[in-house]
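Visitor: Given the sequences, and given the hints that come with them, work out the whole structure.
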Amino acid sequence: MRPLKFSDLVIQSIRQRPFRNIATILCFIVITGTLLSTYFLVGGAKNSVEVGMDRLGADVLVLPQDSALSGEAVLLTGKPSTFVFASSVQDQIARMEGVEKAAPQIYIGTLQNAACCTGRVQLIGFDPILDFTIQPWLISELGRPLRRGEVVVGSGFTSEAGSVLTFYGKNFTVAGKLDPSGMGMDESAFIMLDDAYSMAAASSSDAIAPVDIRPGEISAVLIRVSPGADKEKIAADIKDTIPGTHPVTLNYIASKVNSQLSATTQVLVSITAAVTLVSFPFMALISTMVANERRRELALLRAMGATKGFIFKTVLAEALAIAAAGGLLGVGISGLLLYLFEPLIIGSLQMPFLWPPLGSLLVQVTITILIAVAVGGAAALIPAIQSSNLEPYDAIRRGER
Amino acid sequence: MIEAKGISKRYRDGAGHLTAVREVNIRINPGEFVLILGRSGSGKSTLLSMLGGLTKPDEGRVVFDGEDLWALPDGRISRIRAEKLGFIFQFSGLIPTLTAFDNVMVPSLFSGSPDICAQRATGILSSFGLAEKLNSYPSQLSGGELKRVAIARSLINDPSVILADEPTGDLDVNTEKTIMEYIRQINHEGKTIVMVTHNPALSRYSDKVFRVEDGILSEVTDNSGTQEPGLSGRNFVSKPAVM
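Chains as they are written, first to last, in this note's numbering: chain A, 2 to 402; chain B, 1280 to 1522.
Watch out, some of these pointers could steer you wrong.
[Said to hold, decoys possible] If you anchor each label on the Cβ, the simulated ranges turn out as follows: (1) B:Gly1448 x A:Pro19: 26 to 34 Å; (2) A:Pro19 x B:Arg1318: 39 to 47 Å; (3) B:Gly1408 x A:Leu359: 58 to 66 Å; (4) B:Arg1483 x A:Arg3: 37 to 45 Å; (5) A:Val364 x B:Arg1340: 53 to 61 Å; (6) A:Pro19 x B:Asn1308: 29 to 37 Å; (7) B:Asp1292 x A:Ile383: 25 to 33 Å; (8) A:Asn293 x B:Arg1340: 29 to 37 Å.
These aren't lab readings, by the way, just hints derived from the structure by calculation.
These figures come from a predicted structure and were not determined experimentally.
Every residue, glycine too, gets a C-beta built ideally from N, C-alpha and C.
Guide: Spelled out as structure tokens, the structure:
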């Protein structure tokens, strides 16, 4: 026969109160679920912005002032849009102090349910000579620059290399696919600037609806600042000196995403706080009830040789075990729900999202479970102290009556 | 040896105090079977709990094997309870979700020798006729079986003293006799027994009989044949003839 262990004592006690344990575990599921969801959304958005901006390879993105919202939507979620300003903006920016590179891009939203287009996506035309964001990737991944008539697609496309996509009646061969970033570029297709202009010029005859873009017009300027230059200052200078521009930096995008998320995170944090505040006295009450019900049993343990410390440990261990179980279930259930419904959640929130790195996710899961365990432990602290100080014989005799 | 020197215990009772045990002196020698008789509320259980290190006396001292019990830290008293004392209560006090074997094993958690105790538990339960009940839960055992498991539990750490509080209080006559035979057997194997009961009929199993009334202890019978007096109480009542 196997010797009895401390854990057997804790487990048998937990088994005696299944319904109350389930109620407590439900509290912990809600607490850890909302905590993890909050981190999932905030961390996912943050990760997406960081990865996306890094992938973009630009320190500052300059958009037309009157199309700032559309431009940001292209960047963050890939919502297709067409807008332009004069290419002279790019020349002005390139001449500014602290600007190392300035590359133009043109944004064209394609048509949905039209014979001339594969589907509604964001088409981005880049200048192969000035570009410093797409070209380096092409060189490293394809081993060559993009050719006329070719397209590189974001990770959200189902098309594979070699397949043909049609935009405004013009066919493009898929040359490659970008890695996911969680931002708008996942839903964008990249072509050469000249292809964009020629496609636009021919659209009046080749497509159902024409693209109103002429050579000399661009939609955005991507900037790389000189080493040591202040990105925020350069962005501010551009806004001040070039009318009609809307410079966007990583900090700006990050704060934009944060403010976009703030309502959601506030709701989640409020739910977490409310559930914790309501649950804490409930859990403390349950721990007290359990400790009271176990008075005789705990007193018997004292009579058999248990120290005060052992009794304290026994009561606390039960609460910690339930909290840990609730925490584990909470992160498991919320993780599964977030994984299954990620597209729905992210789609409804209209925000960039990329699963946080595994290491960071594991750290957060651990922290979440530790918070649950800490809350459970704190709730059981007073009952544990009271139980350890009970008068053994008095408790045993009371239990006999 | 257990020796109580002038121990008293008072409990709060409304605005005043109720004295449960008054200045009791008692000495229990190794291997003795001592019975403490008394009606309900006489203070006999309180006295037993003070002798066993479960209740701290308001006055006086309890000396166990030369150590002043209540001068020791909690860890040391607990160690003495775990290794040198075994308790049997009126109710079985078994944990309902543990098997008979595991219930007997509980005190081994505090003695630090669970592997040795595992073999010992099987042996004791078998010797008590419970070899087939090792994996039975308390709800599957009869009253007598529950009591035997409780006695087995008190013996698991091989203590030198067994303290029994009304161990036959809720049993029928036949089961009571069986349980008392087991306890006497344990005594014959060299263990000291201190048992409190309201039933004078159990006096025949013991070496010495004491009576407690209103917290005052007096020796009634000494069947041990020793000349050394076992007690001195404040209101000492002279020894009557053997019952």
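Visitor: Hint by hint, note whether the structure agrees.
Guide: Each hint tested on the structure:
no.: 1; hint: B:Gly1448 x A:Pro19: 26 to 34 Å; verdict: 33 Å, holds
no.: 2; hint: A:Pro19 x B:Arg1318: 39 to 47 Å; verdict: 42 Å, holds
no.: 3; hint: B:Gly1408 x A:Leu359: 58 to 66 Å; verdict: 59 Å, holds
no.: 4; hint: B:Arg1483 x A:Arg3: 37 to 45 Å; verdict: 41 Å, holds
no.: 5; hint: A:Val364 x B:Arg1340: 53 to 61 Å; verdict: 57 Å, holds
no.: 6; hint: A:Pro19 x B:Asn1308: 29 to 37 Å; verdict: 50 Å, violated
no.: 7; hint: B:Asp1292 x A:Ile383: 25 to 33 Å; verdict: 28 Å, holds
no.: 8; hint: A:Asn293 x B:Arg1340: 29 to 37 Å; verdict: 33 Å, holds
Going through the hint list in order, the structure does not satisfy hint 6, though it satisfies all others.
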